[in-house]
Amino acid sequence: MSSSIIHRFFFPSLNKTFFLRLVLVGLTCFLLFGYILIPLRIQGHSMEPTYQNGSFAFCWRPQYLFSQIERFDVVTVRFTGRSVMLLKRIIGLPGETVEFRQGNLYVNGKQIDEPYVHHHSDWNLAPRIIAPEHVYVVGDNRGTAMSRHRFGQVRIDRIVGGVLL
Amino acid sequence: MSNRNWLIFLAILLVAGGTLFFLPSDEKKIRRNLASLADYCSSPKKDAPIETLKKAALAARLCNNPCKVSIESFHIDRQFTTKDISDHILMMKKQLTNTRFNFHDTVIDLPDKERAEIITTLRLEGKTKDNRFTDAYEINITAKKLEGDWLFSSFTVVEFIEQ
Numbered sequence: 001m002s003s004s005i006i007h008r009f010f011f012p013s014l015n016k017t018f019f020l021r022l023v024l025v026g027l028t029c030f031l032l033f034g035y036i037l038i039p040l041r042i043q044g045h046s047m048e049p050t051y052q053n054g055s056f057a058f059c060w061r062p063q064y065l066f067s068q069i070e071r072f073d074v075v076t077v078r079f080t081g082r083s084v085m086l087l088k089r090i091i092g093l094p095g096e097t098v099e100f101r102q103g104n105l106y107v108n109g110k111q112i113d114e115p116y117v118h119h120h121s122d123w124n125l126a127p128r129i130i131a132p133e134h135v136y137v138v139g140d141n142r143g144t145a146m147s148r149h150r151f152g153q154v155r156i157d158r159i160v161g162g163v164l165l
Numbered sequence: 001m002s003n004r005n006w007l008i009f010l011a012i013l014l015v016a017g018g019t020l021f022f023l024p025s026d027e028k029k030i031r032r033n034l035a036s037l038a039d040y041c042s043s044p045k046k047d048a049p050i051e052t053l054k055k056a057a058l059a060a061r062l063c064n065n066p067c068k069v070s071i072e073s074f075h076i077d078r079q080f081t082t083k084d085i086s087d088h089i090l091m092m093k094k095q096l097t098n099t100r101f102n103f104h105d106t107v108i109d110l111p112d113k114e115r116a117e118i119i120t121t122l123r124l125e126g127k128t129k130d131n132r133f134t135d136a137y138e139i140n141i142t143a144k145k146l147e148g149d150w151l152f153s154s155f156t157v158v159e160f161i162e163q
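If you're matching them up, the sequences are chains B and D in order. The numbers in the working numbering rise by one with no breaks, and the one at position 100 of the first sequence is 100. The numbers in the working numbering rise by one with no breaks, and the one at position 142 of the second sequence is 142.
I should point out that these hints are in silico values taken from the structure, not numbers from a laboratory. For every residue, glycine included, the Cβ atom is placed at its ideal position computed from N, Cα and C. A portion of the hints provided could be inaccurate.
As the list claims (entries may be wrong) - Calculated cross-link-like contacts (lysine to any residue; reagent style SDA-like; alpha-carbon spacing at most 25 Å):
1. K29(D) <-> Y137(D)
2. K127(D) <-> A57(B)
3. K127(D) <-> S73(D)
4. K45(D) <-> G44(B)
5. K127(D) <-> Q63(B)
6. K113(D) <-> K45(D)
7. K46(D) <-> Q43(B)
What the hints assert, rightly or not - Chain D regions said to be covered by chain B (calculated; three or more residues, Cβ under 8 Å):
8. 88-95
9. 99-107
10. 113-127
11. 134-141
In isolation and in its complexed conformation, chain B is listed as follows:
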């Protein structure tokens, strides 16, 4: 019985039902991995140690369909499309004031603990107010010089989704 199932699995009869299933599976994969759960290959060190260079994750696009963006969410930020995206963590929400003093994050003048940061930095950034419809994003790896790290405020509509894994 079980050998017959295995045989049928590896050597299916090429009938109409088989091709219909094949088309359905292909279509489902195309929609799921092309538009909803986008596979990400992480390149770069800006999110270490949370996400290592060369590792894999998924961008979960429906994350913000029914929930609000929150501080410390890891998100993908798009350029012109979804082939190349930035992976960053949200540290400031619209209307808040963010600053760095000796590598410590301050939001609205209060120091915020960042447990995900392992490489302590000496970053100093004067206070700045986040514009409406924008969020402030930074990578977790603060071991690099501030001038070499891409961070700042981005429009919320540039956020493609959250990150799974």
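For this one, chain B is given, so just place chain D on it according to the hints.
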């Protein structure tokens, strides 16, 4: 419909589809020029000096003379002549050996027959002395059709992330 009619119908469909697919359109020409630009700017291996000079000259030839370049974060906003572009590409190739340029998610808008607005993502992948690096930029490009050829007339780096 008989089998013969079906075959004729399919043949017509194939010929029409093939013609549409292989017919050179303005959009295809622009995409081809972008791919060439990426190829000429790349230095995947250590090219011979003459090859590097040739590629820089070919890349510059894809641009209008003059061509405007705007990169706010580097305080660059001026017109570059073909020679300027060729010299800058040479300088860049010298600094970024073993680097690959690629354009992704390119959207081409043709507001009229002689002008195209392009938005694209430039991705750099390479190796410096110490380690590997990747970088990406969103770029707005304008192209103009001059004597049948599409030439890039302006490049603007979009700074969508602001410290």
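Verification of the supplied hints:
no.: 1; hint: K29(D) <-> Y137(D); in the structure: holds (23 Å)
no.: 2; hint: K127(D) <-> A57(B); in the structure: holds (24 Å)
no.: 3; hint: K127(D) <-> S73(D); in the structure: holds (23 Å)
no.: 4; hint: K45(D) <-> G44(B); in the structure: holds (21 Å)
no.: 5; hint: K127(D) <-> Q63(B); in the structure: violated (35 Å)
no.: 6; hint: K113(D) <-> K45(D); in the structure: violated (39 Å)
no.: 7; hint: K46(D) <-> Q43(B); in the structure: holds (23 Å)
no.: 8; hint: 88-95; in the structure: violated (count 0)
no.: 9; hint: 99-107; in the structure: holds (count 4)
no.: 10; hint: 113-127; in the structure: holds (count 5)
no.: 11; hint: 134-141; in the structure: holds (count 4)
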